[in-house]
Amino acid sequence: MLLEFEKPIADLELKLQEMKDLAKGRNIDLTTDIQSLEEKIQTLKKETFQHLTRWQRVQLSRHADRPYALDYIYEITNDFIEIHGDRTVKDDKAMIGGLGDIDGRSVMFVGQQKGRNTKQRQERNFGMANPEGYRKALRLMKMAEKFGKPIVTLIDTPGAFPGIEAEERGQGEAIARNLKEMFMLKVPVICIIIGEGASGGALGIAIGDKVYMLENTWYSVISPESCSSILWRSWDYKEQAAEALKLTAIDMKTNGLIDGIIEEPLGGAHKDMKKMAGTIKQTILEALKELDKIKPEKRIDQRIDKFCAMGVFEE
Amino acid sequence: MAWFKRTDKGIKTSTEEKKDTPDGLWYKTPNGSIIHTRELKNNSYVCPDDEYHVKIGSKEYFEILFDGNNYMELDKDMISGDPLKFVDTKPYKSRIEATITKTELKDAVRTAVGRINEMDLVIACMDFNFIGGSMGSVVGEKIARAIDYSLKNKIPFLMISKSGGARMMEAGFSLMQMAKTSAKLALLDKAAIPYISLLTDPTTGGVTASYAMLGDFNIAEPGALIGFAGPRVIRETIGKDLPKGFQSSEFVLEHGFLDFIIDRRQLKNRLTTLLNLLRN
Chain C
1485 MLLEFEKPIA
1495 DLELKLQEMK
1505 DLAKGRNIDL
1515 TTDIQSLEEK
1525 IQTLKKETFQ
1535 HLTRWQRVQL
1545 SRHADRPYAL
1555 DYIYEITNDF
1565 IEIHGDRTVK
1575 DDKAMIGGLG
1585 DIDGRSVMFV
1595 GQQKGRNTKQ
1605 RQERNFGMAN
1615 PEGYRKALRL
1625 MKMAEKFGKP
1635 IVTLIDTPGA
1645 FPGIEAEERG
1655 QGEAIARNLK
1665 EMFMLKVPVI
1675 CIIIGEGASG
1685 GALGIAIGDK
1695 VYMLENTWYS
1705 VISPESCSSI
1715 LWRSWDYKEQ
1725 AAEALKLTAI
1735 DMKTNGLIDG
1745 IIEEPLGGAH
1755 KDMKKMAGTI
1765 KQTILEALKE
1775 LDKIKPEKRI
1785 DQRIDKFCAM
1795 GVFEE
Chain D
3 MAWFKRTDKG
13 IKTSTEEKKD
23 TPDGLWYKTP
33 NGSIIHTREL
43 KNNSYVCPDD
53 EYHVKIGSKE
63 YFEILFDGNN
73 YMELDKDMIS
83 GDPLKFVDTK
93 PYKSRIEATI
103 TKTELKDAVR
113 TAVGRINEMD
123 LVIACMDFNF
133 IGGSMGSVVG
143 EKIARAIDYS
153 LKNKIPFLMI
163 SKSGGARMME
173 AGFSLMQMAK
183 TSAKLALLDK
193 AAIPYISLLT
203 DPTTGGVTAS
213 YAMLGDFNIA
223 EPGALIGFAG
233 PRVIRETIGK
243 DLPKGFQSSE
253 FVLEHGFLDF
263 IIDRRQLKNR
273 LTTLLNLLRN
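So the sequences go chain by chain: C and D. The working numbering applies: residue 1485 is where the first sequence begins, and numbers increase by one. The working numbering applies: residue 3 is where the second sequence begins, and numbers increase by one.
Think of the hints as simulated: they come from the structure by calculation, not from any bench. Even for Gly, the Cβ is constructed at its ideal location relative to N, Cα and C. Please note that the accuracy of each hint is not assured.
[Said to hold, decoys possible] One-sided excerpt, in silico: chain D residues whose CB lies under 8 angstroms from chain C:
#: 1; residue: Val-140
#: 2; residue: Ala-168
#: 3; residue: Ala-173
#: 4; residue: Met-180
#: 5; residue: Gly-208
#: 6; residue: Thr-210
#: 7; residue: Val-235
#: 8; residue: Gly-247
#: 9; residue: His-257
[To be verified] Cross-link-like lysine-lysine pairs, in silico, BS3-like; alpha carbons within 30 angstroms at most:
#: 10; chain 1: C; residue 1: Lys-1782; chain 2: D; residue 2: Lys-192
#: 11; chain 1: C; residue 1: Lys-1626; chain 2: D; residue 2: Lys-95
#: 12; chain 1: C; residue 1: Lys-1504; chain 2: C; residue 2: Lys-1626
#: 13; chain 1: D; residue 1: Lys-154; chain 2: C; residue 2: Lys-1782
#: 14; chain 1: D; residue 1: Lys-95; chain 2: C; residue 2: Lys-1722
#: 15; chain 1: C; residue 1: Lys-1603; chain 2: D; residue 2: Lys-242
#: 16; chain 1: C; residue 1: Lys-1574; chain 2: D; residue 2: Lys-246
Given the sequences, and given the hints that come with them, work out the whole structure.
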């Protein structure tokens, strides 16, 4: 699966492969040609990815090959034990979590999980959690607090699920409770937007001492498509909506709504998952080092103060 | 020829001679009951014939609740900024200005402190007329400060919600108001100061998924639309019609997310009883 702006690069890469095969098969020396094509590809890549529009970043955040929460968790941890269920209704497979270790240190992971193929996508409900998902997340976070383990949340959701049963079981209440409870967690909380960060469904596991976004992700109050349909009364203005919403990592950092941006490999996270996971791991370790030095009560105060300072108004 | 046949065709009264009933003298509820507006006002804006609760704003709620309509408004001059320079079909800035002129409100919430039946109470009340009661930075900040006032003076807090949800034109900033208000409510919770959340028609989206659902007591007016996702979104997602009464106050009570439903005419007295029971 290729995005429109990935195609010219992919075409050149294919040409490069052909050239390499030709050189090898026919035993012709094409070294200079190969070199110049490689350089050309690199330049094109840099140019393309330096000047991505906001909508193109949204597309990258949803790329079919993009790594999901469990991909990163298994890559980052040595041991990982997944934990299931909210102890009330069921196990929500759109919200995953468990205990794992990063370089020997135990961490509680929580995150939304998308599926890779049609069957998985259905099972994971496209990463849209129900109330029991948010309650499962809270149960795991409370357990982490009890055993003094830091929490890492990986956010990747097109939104909390809008369904009949979700409403019956209190989707609003489940998210609201998470917001309130997460402020009071005594352990360090690190939140990373790894794909889509849609509205309350994302925020429901994104109250942290450190909130990061991967470079090609989005985080806002509404998706560009829904924003277009409401404000422009048409689905055709998603590009404009994406521009207006200022929903990229750079925008959110500029506006002081997140703490940092995690750089992706050139071409996006899906181009080099291992490298991406390594950078994420490094970020988590550095953040923990900093947060470990702060007393729990102070960490809570700082967490509250940070979010309470967000907002622009005139008096 | 029939004796009742009309010989002159059409309406003969010229436009200038047409007599109008003064606007707003009579109110017709969605169920068809008609009531004089003066009587409606005396009845806490509830139609006595069909118990329909008319959508009202902060002005009316303050009048209904505060003793002698006396109260001190907090942060009453706070107005919205335009952090994102947001433009859709028109610029956010001019949308705000036009709405302020039209509604004579500064934003979608007003906060005040006063007394109800001689008990101190901080009330934050949303106004749906202001861009659908949407929650932007001003709404978040005013509610946060009202909770601060409650905390500092140890006064119970009543939130009256009426909102379509987050204000899209403030995008990320709007989203973080959910976090901000929830943080303040966590502090109020810790200080064991009562928080009563009254949900009125409609309360949806980010407001439901933050302060509206976080009350020690979540109560609602009858027949209000209460939910996280709007009915249209749910219908489109699942491709099915929604059951009758779905997302009504009664439905939400039945599913265990409300403590009780309150008729607006009894609101002040029931609140007083509840606060007394907590205090004594």
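Here is what the structure says about each hint:
1. Nearest Cβ of chain C to the Cβ of D/Val-140: about 5 angstroms, under the 8 angstroms cut. The hint holds.
2. Restraint check, D/Ala-168 versus chain C: the minimum CB separation of about 5 angstroms is within 8 angstroms; hint holds.
3. Checking D/Ala-173 against chain C by beta carbon gives a least distance of about 4 angstroms; that is within 8 angstroms, so the hint holds.
4. Because the smallest distance between the Cβ of D/Met-180 and any Cβ of chain C comes to about 6 angstroms, under 8 angstroms, the interface hint for this residue holds.
5. Against a cut-off of 8 angstroms between C-beta atoms, the interface hint on D/Gly-208 holds, since the closest Cβ of chain C lies about 5 angstroms away.
6. Contact between D/Thr-210 and chain C, as hinted, is supported at the beta carbon level, the nearest pair being about 3 angstroms apart and thus within 8 angstroms.
7. With 8 angstroms as the threshold, the beta carbon of D/Val-235 comes within range of chain C, its nearest partner Cβ sitting at about 5 angstroms, so the hint holds.
8. Given the 8 angstroms rule on beta carbons, the hint for D/Gly-247 is violated: about 12 angstroms separates it from the nearest Cβ of chain C.
9. Because the closest C-beta pair between D/His-257 and chain C is about 5 angstroms apart, less than 8 angstroms, the hint holds.
10. Distance restraint check for C/Lys-1782 and D/Lys-192: the Cα-Cα separation of roughly 16 angstroms lies within the 30 angstroms cut-off, and the hinted pair is therefore satisfied.
11. A threshold of 30 angstroms between alpha carbons decides the hint, and for C/Lys-1626 with D/Lys-95 the separation of about 43 angstroms lies outside it, so the pair is violated.
12. With a C-alpha separation of about 55 angstroms, the suggested pairing of C/Lys-1504 with C/Lys-1626 is violated against the 30 angstroms cut-off.
13. Among the hinted pairs, D/Lys-154 with C/Lys-1782 is consistent with the structure: their alpha-carbon atoms are about 20 angstroms apart, no more than 30 angstroms.
14. Our distance criterion of 30 angstroms between C-alpha atoms is met by D/Lys-95 and C/Lys-1722, whose separation comes to about 21 angstroms.
15. Restraint check: the Cα-Cα separation between C/Lys-1603 and D/Lys-242 comes to about 22 angstroms, which is no more than 30 angstroms; the hinted pair holds.
16. With a C-alpha separation of about 26 angstroms, the suggested pair C/Lys-1574 and D/Lys-246 falls inside the 30 angstroms cut-off, and the hint holds.
The structure does not agree with the numbered hints 8, 11, 12 stated previously, though it agrees with the rest.
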